[in-house]
Each structure stands twice: as C-alpha cells, then as structure tokens.
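This is what each chain is made of:
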Amino acid sequence: MLEEKEKKLREVFTIADKLQWEIGEQFHDRVIEEVYAHAKEIAESSVIKSPDHKYSFETRVDKIITSKIFGFPLMLLLLALVFWITIVGANYPSKLLSYILVDKGLSGLKYLGEMLKMPSWLSGFLFDGMYLAGAWVVSVMLPPMAIFFPIFTLLEDLGYLPRVAFNLDGIFRKVGAHGRQALTMTMGFGCNAAGVVATRIIDSPRERLIAILTNNFSLCNGRWPTQILIATIFIGALVPQHLSGIVSTIAVVTVAMLGVVFMFLTSYGLTRTLLKGEPSAFSLELPPYRPPNILQTLYRSIIDRTIVVLWRAIVFAFPAGGVIWLVSNIQISGMSIAEYLIRILDPIGIIIGLNGVILLAYIIAIPANEIVIPTVLMLTVLVNKVGVISATAGVLMEVESTNEIAQILKMGGWTLLTGINLMLFSLLHNPCSTTIYTIYKETQSLKWTVVATVLPIIFGVIVCFIVARIYYLVL
Amino acid sequence: MNTKCNDCPVSQNSLLKKNREDTSNFDYIIALAGNPNVGKSTVFNMLTGLRQHTGNWPGKTVDLAMGGFTYNGKKYKVVDLPGTYSLLSMSADEEVARDFILFENPDVTVIVVDATRLERNLNLVLQILDITDKVVLCVNLIDEAERMGIKIDDRSLSRQLGIPVVLTSARRNKGLDVLLKYIEEVITSKYICKPKRTKIKDKKISAAVDEIVKKLDEIFPDLINKHWIAMRLIEDDPGIKRWLENRLKEIST
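In order, the protein sequence lines correspond to chains A and B.
Start counting at 1 in the first sequence, then tack on 1321, and there's your number in our numbering.
Start counting at 1 in the second sequence, then tack on 2, and there's your number in our numbering.
One chain only, chain B, in its complex shape:
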C-alpha cells in the first residue's frame, strides 16, 4: 500500500493515529498474543508506531511491551504478550501471557499466527479460545506463504473457529485496515464471537470436566471460561484456585 492510500478517506488507515507510548485514558485494551517469531512485534509496531526490536528467534519478547493508538475516535492500549507455543506448560513467560488474558480481561485478544505454519500455531489459538471469547485471528506473513505456494482459506477458518479472521502482511502494511475494523466490531459486539472449542472425546475426562463445570456454574453463573478453569483445577493449578477465591470475595462485596 503506498502512502497515498493512507490519506484516502476510504481507507481504514486514515482513521488510525499511532500514539506510540501514550496509553493514557484509553477506552479499550487489546492483548496481542501468538507464537514466537510470527511477526507479532511487527504488528505491534505498525499499530502503535513504536519501534520495538523484532528479532527472528523464539523467546525474544519476555516483558510486556505497551503502546497505544487511536482508531475511529477511540483510544486503544495495546499490550504485546510474550510469544509462546502453548499455555499449558507453565514457564514464566507462558504464565505472564495467560494471566494477562485471564485476569486483566482485555476487551479483545488479537492472536497473530504464521500463515506458513498454521497447524502448529492453531494449538495456541484453540487454547486461548478456551479462556476468552473476544478474539480476532490475524494470519500474518501471508506474502511469505504465497511465495511458498500456500493459500489460506480465511472464510473456512473463520467458520470453523467462530471468530473473525484476517490475512495480513504486517511488514508490508497489508490487511491491517481490516484487522482494525474487526477489532472494533468485536469490541462493540457488532461481531459476536462464537468460538468452537475443542470437545474432549475422552469420556472419562469430559465427564469429570462437566461435573466441575456444573458446580462452578452454580457459584459463578457469568464466568465465560468455566470449561478451561475446570481443566486447570483438575491439574491442580494453585493460581487458579486463588483467583476463584478472590473473585468470590469481589462478587459479594
């Protein structure tokens, strides 16, 4: 996209103002998740105008980077989570990413995935969909995939995951306008995500999980990720237990 497009009123980019470090008085908060090395930091930089260094190796971003932008008159705060392959093995960086999505309750979580390695990347997507509803999937590096002769059917993906899917090449500023539009639509509930979660086929396990979900439902009727919490409880996750106890106190006060 050349610079003229950015000024054209028809382009979504003309609605975008990069606020760099400025995250004050934000209206919405966006979490940016994804595997390492999928161009997550590039998406972050393109949205915020910051220049966080993006290294080509796993585990590069360890701390949370934050930045902001204004889109269509609303101020957004973007939090770049550490790149992880899963949320189940519990290294310090995975815990940071998971806790943020779970406890900070971002208005939308954008998951950036590598178009050339979609299958492996989907593992993380499915795990995140277990925790939160409001997700936009950003299939990045689409230019690289095209060069390799890989095509991604974004509609099929969107249908099967139950969330909006956009194909991007963040480095070339391709598709980011659509990404912004989807972010806005999910936040304003113009698009209602209906994530298709992994159904556990193992009878014994699914029965156990269902039993706990039912009980949790009686205590926290408005909790959206009971299924996932039930699994964490069976795995004896002390952080989740503490969180549930605190949440109970919060509700009653």
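Just chain A, same shape as in the assembly:
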C-alpha cells in the first residue's frame, strides 16, 4: 500500500517537473496576475470611496519629505536635532545619578564592607570593581538612552523611518544591494543584533548577506553615548561654550553619516567582488502617517528599549568590572597584568592615533559597547595613577561631570587626535559578541561571521592610521 502510494507520489513529482519545463517562467507571473485581478474585482465591489478623501494632504507631505531636493537635508536636520536634544539634555541627570550612585553609593557600600569586616580584596573586587562598573554604566548611559530612544521611537511610530529608507533606496540599488537594506540599516541604529535579524525581510540570499555584513556600520545605541561624550569633551571644547552643543552635534552626525558612507562603499565592493549579482526588484511601501500615542510610546520605549538595553549593559558591566579589577590588581613581579597588556598594545595604539588603554578596553568590552568608556576611564586611572580618591589601582574614580572625565583623559595623555580617532574606532571595529553570535546564527557560516567581525577592524585601523598621519602633518 505504502509502496504503491510512494510510487504515485514519485509520478506526481515527475509530471510536475515536466509541466514546469512546458509552462516555464511565465507560470509564477501568470498566477500572481490572476490573484491580483481577483483581488481587484473583490475590492471594487466592496469598497466605497467618497471623492474627497484625505490622501492628498499625506501625499503632499510625502512629496516634500521624500523629494530629491529636500529629502536628504531634512533627514540630516532631523537627525541633528535629535542628537542636540540628547547632548544638551543628558548632562544634568547624568551628574545627579553619578552623585547618588558613585559618590554616595560607593562610600556607603565601602562603609558597609568595613562594618562587616570584609577583607580588602573582597570589598575591592565587589565594590571598586563590579559595583562601580555597574554604577558607571547607569550614570553615563541611562540619561542619553532615556532621551534618545523615546524620540527615536516617536519618529518610528509616526512613520518617518520608512521614509528615510525610501530616500536611501535609490543609492542602495546603485551599489547593487537590496532596497530593503535601507530598513535593516535604520534598525541597526537601534541595535545591530536586531538589524541583523531584520535582514530576513530580504529575499535574495546574496543581498541579505550584504545587509548582514554591513549592518555594523550603523552606529548602534551602545555607541551613541560614547560618541556624544567624546565629541563634547574634545570637539565641543574647541569652540566657545555657547556653540559647543551644536558643534558636538555636528561631529556626531558626521561620524554617523561616515558609517552610512562606509556601508555603501562596502556594499558596492562586495557586489563587485565576493558577492556578484544584479539587485532584485521590490517595492517599498510608504505606510500612512499615524499620530503616535505619545504616552504609550514613551512607556514602551522606556520599558522595551531603555530598560532592556540598560539591563544588558549592567549584566555585562558587573563581570567586566570584576575582570578589570583583577587584571589591575593581580601583580606579576611588581607590575599588574593590565599594565603588561597596555605596554604591549601601546605601540600599536600610538601608530593609529589611539593608545594601549583604548585597545585593551575594546578587548575587555567585547560583550557590550556600552562599557567601553567606563573601562577606558578605569584603565587610564590605573596606568597614569591619576586616581582622585582611592589609592587602589583599577578603581573607577568618582567622576561627577563631563569636565572631570575630560581632565582624567587629558592627564592620561589624550589629545584631540585621540578623541577623534576613538570616535572613528568606535564606529569602525568588531561588532559586540551578541551581534557576532547573531550573525553566526543567521548565516550559519563561520567564514562570513569572521568576515563580518574582521572587516570593520581593518577599516578602523586604516582610517585611524590615515587620520593620525594627516593630524601630525597639519599640526
């Protein structure tokens, strides 16, 4: 019985194969045409349209937003506005949080440790290492996130982001990538891991791979605060104070745009070399504008994004804080492990206009971009012994405001070049471990995962090297 049926099924397959050859290419299109015609017929008899409907207003707005002349400048202006609000608004809550968590919180905990007669290594590991890294992440990262995410979500809900994709669609096609990559790129501005998963909306495997490999060039939210902080300290400080907010904003927008440029260049390079092929056709739909439900959006973006991202940062910050404390305090013949590592990395760092501390921080902070700056500060204090309060090496010092961070970094030998190159390297380096793992899961290929990880580092090193040469030539 089964055998007979299996034979019949085999027959069915053979007939289908034969028919496929006979009817061939047109089959798919014919079927779709018939479905469309049927849909049209039903819709025409079930939809009653009154002549004066509201489309016209939306269409007019869309004409401006997606126009060839205004589309791009408008996009940059809006992006700049969002950053400006974030930069200006984040400073005060940051100060307050730092005062509560770091100044008061740490001394409170240390006092508690003394009361409980904790050995100094334990209280050092727990409080000076783990707790402080966590407290740092909260006070430096939370305020910009809590401002940036809700605004970003509002733009998303309003329907603006798909229009950004629409504006960029043409360029994506020109470089041989899929127009929908514009959407996954925009999503990468939130989180690269999410952007990589979102590439599932691209149906051609070749174009999907391009979108995956280049998603890291979207500056993710773990890196925004780094950009904002460093821009404020090193670039905003170059101009009179009343201009510093605007100048820092321009710097951050420039770096983000540079990322987009790199995304196009890399996509273009890939479609000409490893991933040759023609871009496939698709239609990008502009969703209607919807008035966002503001309270709900605020609530959701704070719960879904801010808290989730912050939680992730804290989860990684605790162990990283512990590791930093350990490498800073375990000594081998009179020098800590961290110092050995920094000495090894320093020459490489200097060549590309960075330093050993930054490179080591990027190694320790692979799990989360959010903890790069806290790690950098902690290590800087260690090597340069600029710690303000604690005598213990590797303690994240108590920093109240951007000004003090600036002082510490400058004591660590940082210059304008270090600042600029850190911003560039923050854009062009390996994705965080979550994203790397996601890329592996999505591509199921070790080779492409390695490419996605190493390619940005190569770009980062080259770009930083060139900038360093130019800097020394000019100044």
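Source of the hints: derived by calculation from the structure; they are not laboratory data.
Some clues are possibly wrong.
[What the hints assert, rightly or not] DSS-like cross-link-like pairs, simulated, lysine-lysine; straight-line CA separation at most 27 Å:
hint	chain 1	residue 1	chain 2	residue 2
1	A	LYS1329	B	LYS243
2	A	LYS1326	B	LYS198
3	B	LYS206	A	LYS1329
4	B	LYS243	A	LYS1328
5	A	LYS1326	B	LYS228
6	A	LYS1361	B	LYS205
7	A	LYS1326	B	LYS243
8	A	LYS1329	B	LYS217
9	A	LYS1329	A	LYS1339
10	B	LYS196	B	LYS217
11	B	LYS251	A	LYS1328
12	B	LYS206	A	LYS1328
13	B	LYS228	B	LYS203
14	B	LYS217	A	LYS1339
15	B	LYS243	B	LYS205
Since chain A is already given, all that's left is putting chain B on it; use the hints.
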C-alpha cells in the same frame, strides 16, 4: 468602548481573559497573518494583554511572537506571524509565515488587513485562502478609513471570500468582541468557511494544475490545499516535496 462595557455581561469582552505569555494547555491555536503595518501586533496585544512594540514600518516583526488568552472557557494560543505582502516570493519571513499555516495547522488563521489599502491586502488573503480553509478576515484601521471617506461593505466581502469578515479598530478596541465570536464559530464549525479561491483562467496552467490535483487526490484524499500544493510543485518547491514525502510516511504508520 469605555471600561464599563468590558464588565457588562452582554459584552463579549467580559468573556475574554488575557493570559499574556501563558500559552500552556491551550485548547486551540490561532495564527495571526497580514501585511506589514496593518496593526497586526496591536490586535495581538489587545487579545493577549502583551505589549509587543508595534513599529510603523514594514518588516518590523521578524520572529514569531506568542501569547495567550481565555475566551468563553477555552484557552487559546496566539502566534503573531511576520508581516508579509505575499507568500510567493519566498524570503525567509514569508517562509516562516507560510510554513506555520501549512505545517502547524492552526485551528484558525486570522488575517488582519488595512481597510485603507484593501485591494493590495487582498492579494495575501487570496493566497492564504489557497492554503487553509479556516480563516477569519479582520479588516482593521476602520476608523482611519472612515476619516478618509472609505467605506467597506463587510457583507459583500464575506460573501465573495466565503469567510467571516469583521471590521475593527484594534487601537480603540472596536470590533474585537465580534472577532472573538467569529474565531470561536469557525473553530467549532458553527460557521463553515467556503473560501472562493482564485480560478486560474489560463487554460494551459489550469489543465496542468488539475492534472496534478487529480493524482494527489488518489494519494491524499483528505488534503485540503491540493490546488495550492500542485502549484508549488510546478514551481519546484523542495520544502513542499519533502513535506509530502513525510506526510505519506506519517499516514502509513
């Protein structure tokens, strides 16, 4: 609808209990399908009480979100499929949506469509009707359509598609009580869907499809979507071939 209505025994909403993530021991499983950006996730959230973020752009939901509710004493599990425009182009998200409807065999598939763009949305509806019988059509964003001066004749739609049609505004919790009632009626076969499928007018193609349908009928008499499977076979879909082979083994064991 104000909150008082929700407690009123006459309202269907009083029969609804949102179970959020709890999908244990469910009696029925519902698939939620639709184009991107039609308020599908809003319907999902309203039914389950979850707060999945609903973004206003295509391709937002990529993974399957799941949630549950209890209605009229029965437990339902809801699966929010990725939003797609069609089931024929075979991107990863379309495959996820299609495979779920085809292989997981949901008790009912609710298709959410945008009242302001009904024609384009119907393309997907017709494709889904080729795969499964048990469908409820949820014409959402009806308030937005009204503002634009668009009226939808739900009875005409229902007649022409052969499935129950409900007009909703999920954001304002309008029409969801009727949706729940239809879901129950379709599952319990109180309402028997008789989907009007797209008849292929091209003689050569329809003859080819008919030939395969006839053969399939001899092997799998109880298969409801032979027509669609025949088309997939002509398009040389390896997933469908594998599925048929496995199904054959299942039947005989």
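Point to revise | Violated hints - listed by number, lowest first | key: 2
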